[in-house]
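Q: Given next are the chains, with one letter for each unit.
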Amino acid sequence: MLAVLLALALASECAAYTHLRVPHAKLFPAGLRPATRAAHSRMMRTWSAPARPNAESPVVAPTAFGADPTGKADSSNAFGLALAALGVRVYPFVVADSAYLSHSRSAGALRPAPYV
Amino acid sequence: MSDNIKDCGGAVLDLQGGSYLLSSPLVVPQYWGNLRIIDGTLRAAPSFPAGSYVIQVGAGGCNPPSGQGSCNENVGMSGLTLDASHVAAGCLLITATMGATLDASSACFGFTQIGIHIAGGHETMVSETWVAAYFWDSPSKETNSATGVLIAGNDHFLTNVICFSSKIGVRLTGAANLLTNVHTWNAATGYGGVGIQNEMSQNRFGASYYLRQPESLRASDSRPVHSAYSWVLPRFQQPASYKRRADCFQRRLLPGQCASSLW
Chain A
0 MLAVLLALAL ASECAAYTHL RVPHAKLFPA GLRPATRAAH SRMMRTWSAP ARPNAESPVV
60 APTAFGADPT GKADSSNAFG LALAALGVRV YPFVVADSAY LSHSRSAGAL RPAPYV
Chain B
0 MSDNIKDCGG AVLDLQGGSY LLSSPLVVPQ YWGNLRIIDG TLRAAPSFPA GSYVIQVGAG
60 GCNPPSGQGS CNENVGMSGL TLDASHVAAG CLLITATMGA TLDASSACFG FTQIGIHIAG
120 GHETMVSETW VAAYFWDSPS KETNSATGVL IAGNDHFLTN VICFSSKIGV RLTGAANLLT
180 NVHTWNAATG YGGVGIQNEM SQNRFGASYY LRQPESLRAS DSRPVHSAYS WVLPRFQQPA
240 SYKRRADCFQ RRLLPGQCAS SLW
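Top to bottom, those sequences are chains A and B. Residue 0 is where the first sequence starts when you use numbering that gives the first Met the number 0, and the numbers rise one by one after that. Residue 0 is where the second sequence starts when you use numbering that gives the first Met the number 0, and the numbers rise one by one after that.
Derived from the structure by calculation, the hints contain no laboratory data. Quick reminder that beta carbons are idealized off the backbone N, C-alpha and C, glycines included. Any given hint could turn out to be false.
What the hints assert, rightly or not - Not the full set, but computed from the structure, chain B residues with beta-carbon under 8 angstroms of chain A:
hint, residue
1, 8
2, 10
3, 139
4, 142
5, 144
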């Protein structure tokens, strides 16, 4: 009887957390899925949150506004423009592809380069 | 967001690993929030204003309806190298901001006055960051008068931060701040350097390490501070009044035992 009660309690507990399960495809987007069950187990043991916060946030690149990433020319104006674009949430240089916004921050290989 | 702070939607200003020259500060305007600046180097040009900081978040004159005193919210900076080039006053100025962060292998170099200046606001978190007025191979590390981090506000956090080659490693003029795993060294040893200069009560220092500076912890406020699990490795013979404080660290007393008895 006690065993039955424990089993029922455990089942109830598990059911309560069903909504917290994360889909496999969400955890491991394209290109990052483990090839084998062993690799999957290893990843699940070592998986942590994405290295960068806000992995799916829109990205503003100052180079798209004329900033010089080599540090030779003054980039002050370009940074002013980039920050202004960020403030009004207009990103004209971002390709019209939602997959870009979804994955560019979490998977470097999928990130288009250069931005302009 | 609070007090009608503009929500930038978590947008990211991505420096893409580039190194950029600036002749004027990168300013995050007052009443902006929820944005990030990441992954690159910003360097002050020779024409950069001497009294300004490479990045300036917010501004003074912040009087929001809530009375909280914070006009920016959730501004994150990570993976940045900020080089004031011995031209700009400092690398980062965070004014009247709630919830700013600087982290992830960031570094602040070459400032003439203050590396990171937290002015007012609440709950700024600086972590995994290196702060130095000069590199260790420069003779000027012994004679400069700069301050690594100035916390002029309440409830801010320094965690896993290294301050070296400035006259003062960390100076606190606000209360209720928490420093953990802070390592200060080469605090202008030939010039009366101080590892941590505490000028207010209720600040707490834990698990920190003070190396090669004439004075490791100076407390000009007589009210209690809390220090524990820290360690001093002095370079010079210290005056007796300082030695008592060093003893407090070196004996690794339990929390509270150093709090009210010595300061």
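Q: Each hint needs a verdict: does it hold in this structure or not?
A: Going down the list of hints, with the structure as the test:
no. : hint : in the structure
1   : 8    : 6 angstroms, holds
2   : 10   : 5 angstroms, holds
3   : 139  : 23 angstroms, violated
4   : 142  : 28 angstroms, violated
5   : 144  : 28 angstroms, violated
Hints 3, 4, 5, counting from the list given before, are not met by this structure.
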